[in-house]
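Q: The chain contents come next:
Number of protein chains: 2
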Amino acid sequence: MNLGELEKLVLQYLWECESGDVKQVHSHFKSTRTSSINTIQSTLERLYKKKLLSRVKTGHAYTYQPIVDKQDLIAKLIKSVTRDFEPDENGLVAAFSSLSKEFNATQLDKLESMIEKQRQNLNQGEIND
Amino acid sequence: MNLGELEKLVLQYLWECESGDVKQVHSHFKSTRTSSINTIQSTLERLYKKKLLSRVKTGHAYTYQPIVDKQDLIAKLIKSVTRDFEPDENGLVAAFSSLSKEFNATQLDKLESMIEKQRQNLNQGEIND
DNA sequence: AATAACACCGATCAATAATCGGTTTTTGTG
DNA sequence: CACAAAAACCGATTATTGATCGGTGTTATT
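Taken in order, these protein sequences are the chains called W and U. Heads up: the first sequence runs through residues 1 to 129, numbered per the numbering used here. Heads up: the second sequence runs through residues 1 to 129, numbered per the numbering used here.
The hints are all genuine.
If several chains are the same, the list does not tell them apart, and a pair holds so long as it fits within one copy or across any two.
Below, simulated DSS-like cross-link-like pairs (lysine-lysine); rule was C-alpha separation at most 25 Å, straight line:
id, residue 1, residue 2
1, Lys51, Lys101
2, Lys101, Lys50
3, Lys70, Lys117
4, Lys79, Lys8
5, Lys51, Lys79
6, Lys57, Lys23
7, Lys23, Lys49
8, Lys101, Lys76
9, Lys110, Lys79
10, Lys117, Lys79
11, Lys23, Lys50
12, Lys8, Lys76
13, Lys8, Lys50
14, Lys70, Lys57
15, Lys110, Lys76
Please keep in mind that the hints were generated in silico from the structure rather than gathered at the bench. Predicted model only: the values in this text are computed from it and were never measured.
Assemble the whole structure, with the sequences as input and the hints as a guide.
A: Here it is as structure tokens:
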């Protein structure tokens, strides 16, 4: 999936605010972008069609809300760019070897504790099978 | 940076073959795609402009060669999609938390050994400073 | 000099994001 | 209920970028 510049910005905003209607989104960007309210409208619709936003009518205006959270979307995009070149299921692990060169000690600690947490998840799953 | 479908395929091929000229690339894709040799030509030029390929004249034909290897390109793309949403330097680490949910025990082992290797790199650097 | 192989330029097409005007629908108010 | 405001919806336009190729110029080889 490919996201345009405005689409990314709108997503960012909705992650911060939890939800919002066209008017809110439009007025948020009034200071930084010249996009008309119709432009915001169609951007929201595009994100809705891409299944990144849900919407409910409140009164006669839609309130839009992100379906996926930021981390999940990033994860999805990372998997997508990786799979383009390494369809293999270990592709992501392999890609990590290049990536790891840029982590400092603190970041490595964090990564390691995430790994440990995931190990526990796996073990937990085994017990309950 | 955004890569088209044919651009990705051509890159893949050149990673396998180390290098190749237009004719070679074209004949490689003859069976799977209908792209004319001119289409291959301009795809190679686009990749060259994107600084993903280098080229040297051998006779009067260019020989193209990847500048970045596959893992490095994947790493670059991963950093790029991450930075779009998490400009912070810890963004990648944060993104990893969603990603980690899908790794099995073997993969976790591999990741951990990469982390260990990177720790040693960091220590080595310190000593030589 | 002729020819073949190739690069290079320019044009077109396709897909998609960004843009907005105009119309219809909904709703709240006098 | 009629009307005005607010919002959705539809359709058209523009911009960007990748894919495509024809035609022309350039170079090397015989």
